[in-house]
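Asks: Here is what each chain is made of, one letter per residue.
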Amino acid sequence: MALVQAVVNGLLIGGIYALISMGLTLIFGVMEIVNFAQGDFLMLGMYVAYFAFVGLHLDPMAAAVLGFAALFVLGALIEIGLVRRVLHGPQISQIFLTVGIAITLQNAALALFGADFQSVRVPYQASALSVGHVQIPVPYLLAFAWSAAVGIALHVFLGRTAFGRAIRAVAVNEAAATLCGVNVRLVRMVTFGIGAGLAGLAGAVILPYAYVFPTIGLQYVVIMFTVAVLGGLGNVTGAMLGGLIVGVTQSLSTLFLPSALENLIVFAIFVGVLMIRPAGILGRANVR
Amino acid sequence: MHHVIRSIAAVLSGVLIAGLLPLLAQAGPAPVVVGVVMPLTGNLAAFGKTSAAGVELAADDINAHGGLSGLGGAKIKLVIRDSTSEAAGAANATARLIDDVHPIAIIGTYASFLSLTSSSVAERRGIPFLTMSFTDDLTNRGYKDTFQVVPKASAIGAKQIEYVLDIAKHAGKQVKKIAIVYENTAFGTSQAAGLKKEAERLGVDVALYDAYPHGLTDATPLVQKITASGAQVVFPESYFTDTVLIVRALNQSHAKVQIAGGAGGFVVPAFKQALGPLADGIMSIDTSSYDAYGGFEQRYQAKYHTFAPHEAYENAVSLYAIRGAIDESRATTPAALRDALAKLDVKGGPFAGLPSDGVKFDATGLNALAYPVMVQWQKGEMVTIWPPGPGRAAPAWVGASAK
Chain A
1 MALVQAVVNG LLIGGIYALI SMGLTLIFGV MEIVNFAQGD FLMLGMYVAY FAFVGLHLDP
61 MAAAVLGFAA LFVLGALIEI GLVRRVLHGP QISQIFLTVG IAITLQNAAL ALFGADFQSV
121 RVPYQASALS VGHVQIPVPY LLAFAWSAAV GIALHVFLGR TAFGRAIRAV AVNEAAATLC
181 GVNVRLVRMV TFGIGAGLAG LAGAVILPYA YVFPTIGLQY VVIMFTVAVL GGLGNVTGAM
241 LGGLIVGVTQ SLSTLFLPSA LENLIVFAIF VGVLMIRPAG ILGRANVR
Chain B
1001 MHHVIRSIAA VLSGVLIAGL LPLLAQAGPA PVVVGVVMPL TGNLAAFGKT SAAGVELAAD
1061 DINAHGGLSG LGGAKIKLVI RDSTSEAAGA ANATARLIDD VHPIAIIGTY ASFLSLTSSS
1121 VAERRGIPFL TMSFTDDLTN RGYKDTFQVV PKASAIGAKQ IEYVLDIAKH AGKQVKKIAI
1181 VYENTAFGTS QAAGLKKEAE RLGVDVALYD AYPHGLTDAT PLVQKITASG AQVVFPESYF
1241 TDTVLIVRAL NQSHAKVQIA GGAGGFVVPA FKQALGPLAD GIMSIDTSSY DAYGGFEQRY
1301 QAKYHTFAPH EAYENAVSLY AIRGAIDESR ATTPAALRDA LAKLDVKGGP FAGLPSDGVK
1361 FDATGLNALA YPVMVQWQKG EMVTIWPPGP GRAAPAWVGA SAK
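Protein chains in written order, with my numbering: chain A, 1 to 288; chain B, 1001 to 1403.
If you are wondering where the hints come from, they were derived from the structure by calculation, not from laboratory data. Accuracy of the hints is not assured; some may be wrong.
Unchecked claim - To give an idea of the chain B side of the interface with chain A (calculated C-beta under 7 Å), a few residues:
{"#": "1", "residue": "1043"}
{"#": "2", "residue": "1045"}
{"#": "3", "residue": "1184"}
{"#": "4", "residue": "1201"}
{"#": "5", "residue": "1244"}
{"#": "6", "residue": "1248"}
{"#": "7", "residue": "1253"}
{"#": "8", "residue": "1270"}
{"#": "9", "residue": "1333"}
Even for Gly, the Cβ is constructed at its ideal location relative to N, Cα and C.
Kindly produce the complete structure, drawing on both the sequences and the hints.
Replies: And the structure:
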């Protein structure tokens, strides 16, 4: 029974980890930029949901749409104003830029919103559905549902729409995409916007069981990178797979290991996978 | 002719000096600089800010009531620095503060793991360091300059189980099985160790003793372990962030377990704001009785519109202890203040919020009088419930009976 419960918990949190990591992997896949500010986009999404709750009495599950929209706009502006300038520069400048954005956002949040821990109170916060002897916590279930919906939507968008194909074209070969008439600059701007927006959405949907303060992003950024790299950095389906693997592994390993070692097996698997498949489970083997 | 000019000059300068004297007197004795190092950024920023706010309130109070009487009414001047939420940052900030302003003493650094590095720097430079951090290591390293105004973590942990057993007995229950979960920081580990040792001495079965990394992103696996252990009481030794995740996940699991937290995140205003009705019935050990803070509580309420958390009050206590020592000894140097603190014995007044009602440091620098109390959230208010006494609320037991 404990095993079933642990698997259920692991799948739920794994789905959420997948949602958190999708934006990071999308941005890398298309622009080959490792965005260290992704955790702070998540933090801003949490604040959007928090203020929507306080000001508009909007449930965070609904405010997720606002979180996406707000961070999409911010992401697009950051792309136009900053990221674009270092895109073809040395990798070190890209790292400095995104880390700089991260630090700026953390301290701007500290100045604007204060250091206090903020969270929301919603009716389903402490409730769980009982299926047999297994408890399914409602806030996690709702966040998981959002993750599944976003995963499917992103899959359809990238696979079936013209703009989605343009994004993938840029990801595969920028020059060829340009020659085929794809507006590469627009694609990059929209991609960075979607990537940031996904983090904003994820931040909103986890708020009912979590809390927000200016440096909360740091707590999630390690998970984001583990999940994205394990699945294959740049591969959205890989992020979903990576999320589920990390979630279930964490949950199962705490059954027989001290909680302090919850990431021991995760990282053992992580190292093992990268030894066999250096680009991640679903990553392209020949990264340029 | 010359002597006429000279006498005119003498008279004029005499007048000038006489005119300046009152001005000099108005400037008064030089202010006494006290350093405050707290985590104002990073994940402990919320606690650092309330800590600094508490010291500021105490300084305003002392300055508004005639300053330091032992030094002719000298005012206290606080210099507040950010330790960040990293151990190395705390050491750097402390060293720079000492070099920049040469404080007579330092108050810091809220979290045990930060205070450990700050106090090492202060010890090397011979500056008295006053703290309300809990870990035993602060005062068991043989330092001469570290003063801990609150009980140490192992003693807090021991009282945590002792009080809970007493409260259960009072409610007609017997506690046989408990779970201890703690964050793997200086605060969590030392408090949990004291709790476990005492539980074993008292013959209680510790069904789960589990450390977790501070800054959880998900508490469900931990909570699954707690419910699987069959414990009647769970003792989480955690700061605020993990506390919230654990309490929410415990409620989702429908576990009927009494929560008895280890201060940290359980006794702050944000706890009620985050958990609302879920807070009711939750107990926590605490190092001061907030319902006995008196004037300090009122001034804090008026200025910040929330109740004064224990770290605000206890850091204020550190400043009042410094005042007490200076007034006794007229100390103007860190070394003299250190000796005065070692001899300090004060009671009542601003110290009434401490369960011990006073401060008296032993040879290790620990406040030998200090002992903790048990508080409980009842109808959205935090009240002191144990040990029982006048003005204290009746405890309410919400845990299950022994199976």
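Asks: Take the hints in turn and mark each one as holding or not.
Replies: Against the structure, the hints:
1. 1043: For residue 1043(B), the interface hint holds, since the closest Cβ of chain A sits about 5 Å away, which is under 7 Å.
2. 1045: Because about 3 Å separates residue 1045(B) from the closest Cβ in chain A, which is inside the 7 Å limit, the hint holds.
3. 1184: holds (5 Å)
4. 1201: violated (23 Å)
5. 1244: holds (5 Å)
6. 1248: holds (6 Å)
7. 1253: holds (6 Å)
8. 1270: Cβ of residue 1270(B) sits 5 Å from chain A, so the hint holds.
9. 1333: violated (35 Å)
The structure shown violates the earlier hints numbered 4 and 9.
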